[in-house]
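The hints should help you fit chain B onto chain A, whose structure is shown.
Number of protein chains: 2
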Amino acid sequence: MTDLLALTEELCAIPSVSGDEAALADDIESRLRGTAPKLDVERLGANVVARTETGAAKRVVLGGHLDTVPANNNLSPRREGDVLHGLGTADMKGGLAVLLELARRASEQPPRYDVTLVFYEGEEVADEHNGLRKLFEQRRDLVAADLAVLLEPTAGWVEAGCQGTIHVRATFDGARAHSARPWMGVNAIHRAAPLLQRIANFEPAVVDVDGLEYRESLQIVRIDGGIANNVVPDACSVVVNRRYAPNRELADAIAEVEALCAGADHIEVLNASVAAPPNLWQPLVAELIGVYDLPVRPKLGWTDVARFAAHGVAALNLGPGDPELAHTPAERVDRGDLDGCAAVLAAFLGL
Amino acid sequence: MTDLLALTEELCAIPSVSGDEAALADDIESRLRGTAPKLDVERLGANVVARTETGAAKRVVLGGHLDTVPANNNLSPRREGDVLHGLGTADMKGGLAVLLELARRASEQPPRYDVTLVFYEGEEVADEHNGLRKLFEQRRDLVAADLAVLLEPTAGWVEAGCQGTIHVRATFDGARAHSARPWMGVNAIHRAAPLLQRIANFEPAVVDVDGLEYRESLQIVRIDGGIANNVVPDACSVVVNRRYAPNRELADAIAEVEALCAGADHIEVLNASVAAPPNLWQPLVAELIGVYDLPVRPKLGWTDVARFAAHGVAALNLGPGDPELAHTPAERVDRGDLDGCAAVLAAFLGL
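Here the protein sequences come in this chain order: A and B.
Just so it is clear: in the first sequence, position 167 is 167 by our numbering, and no numbers are missing.
Count along the second sequence from 1, add 1000, and you get the number used in our numbering.
Note that these hints are calculated values from the structure, not bench results.
All figures in this text were calculated on a predicted structure; none of them were measured in a lab.
Note that beta-carbon positions come from the ideal geometry of N, C-alpha and C, so glycine has one too.
A couple of the hints might just be wrong.
[As the list claims (entries may be wrong)] Here are the in silico distance ranges between beta carbons for each label pair:
(1) 1265(B) - 81(A): 40 to 48 angstroms
(2) 1079(B) - 265(A): 39 to 47 angstroms
(3) 1202(B) - 294(A): 50 to 58 angstroms
Same shape as in the complex, but just chain A:
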């Protein structure tokens, strides 16, 4: 059995902040060609895809992103017994180590399902940089599957599906005037007040989907208005973030947010991502959960599982590390979590 904590530490020693993933992609590609010689390995930019071709009836894709957020005084990995601290340990080089181990085993013996392992760039930044997006656009054959598992940190839970997310900018116009003569102008910030009150008072629903409780949310995440202390402001901009449960279509959710922004002069959808249904009834999902009777909870944030769901592929999150510590200086992963995740997935794949 591979020492997954040591392997994770080696991967963490190669910095890979978004936009700078090439060195890590080189390392991953080299390891795959060395330890999993029977897999087909393809490289597209800083994306590496390794596949078995056994002719099995079904195919499972397992994915992990290569990039990390910027360092927060935690660039160098640090071992403390069976715990590895540092940037990328949980999000998600621990998951990449598990994927490399699955590749090695799948090269030694044929898995129960054909396996596609995707190591991709640009997950932590704007969608246009996302490697999975590029693969779906340019080589959809490489990411086709019957089930997708993303090794985002879930602390061993199956985090099923994911909520959709929408950002809308609502802008209110006004007209400048001296603040001693405000009736000569129109105060854009005052005009925004009812929107703020409406959203602050909104009570988001808790939605049951496949027995999981998706807790929706609606937040104003930014507001900006005013140009000088003696001038009636002529513009006020409000950014609203909506998270919605996977029982709804994206278009419906956008229409709801736009209705909540009624009164604004300009409503711009900054980004809008579909939700992914949990699909707990789907046979491969049910089988994976059943291997070890894994605990299941809904995924409230958005992940790339929605990208698979949008292409008709059932998808879930399952990976080592505590999601609450991702993107914090306290990020870490421990040996038990890595070994447990590898054991669950290996059992599911018959490896």
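Showing chain B alone in chain A's frame:
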């Protein structure tokens, strides 16, 4: 009779954006020593004070600031018949030209009241730079008087007294969290919503003082909150500007604004200036208005008249140029306005 339009043009040809008034102060001082040899001239920094000492029973101070706001493609004065266009023409080198003419006449014959002419720096910027403030602090004897007239542009109206102005920053605290799990945090922008609604709904009073209608105002002039589109904001800052009529004390007005900001975690008074009562009943004020039966209206914005009022000196605004065009690229003054203003003040002073 001096050509006041030509004199204004000469003064405008010497740039004097706030902080850079020394050259204009030199020019004014030199002109005073040349054309008004009988006046006592004192120089403090970029402030010039010229005084008669005839032993008259009463003294009138007439003031004008040397500085201008930054140029707005209008740095060089431009003549068009009897109209002078450009930065500082109305605000307020036209007024300075009138003051120089009054100095010249007061040197030729004793005025009815002793006269103090104050040319001062730093009016268009933060209060700490204000030359009148320095004079009141360091040489109060130089600005003592029974009546103060500021030659701010009023288009020939007497703009009586002035409203007080207060800026308060109300800050709301929150706690950051991922916007998919907002219940883990506290949204500071949502917490500010009731304040916005309360101020947007506020109906400012119109207050009668000495028969003049002071129209108060209450405006949010700035708002800022949020750090990232996926993060529940942990701070929201709101700047409120209150303009209040001169029937009230500053402390009462501050207390009112602070009460309106109830719910904020931090309330900071950024600046707070007293109002100046119109004092239309005051004998010298009534006499000045009566010279030409001048039209009178309340001053809604704040001016340095309040500085005199705070020291017990009745004060009013009366000067050439349209106040609505001050600080705009369309700023201008015309010959009739300059000559009219000089005639009114000369008649009042018996010059």
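Query raised in the report: So which hints don't hold here, by number, going up?
Result: none
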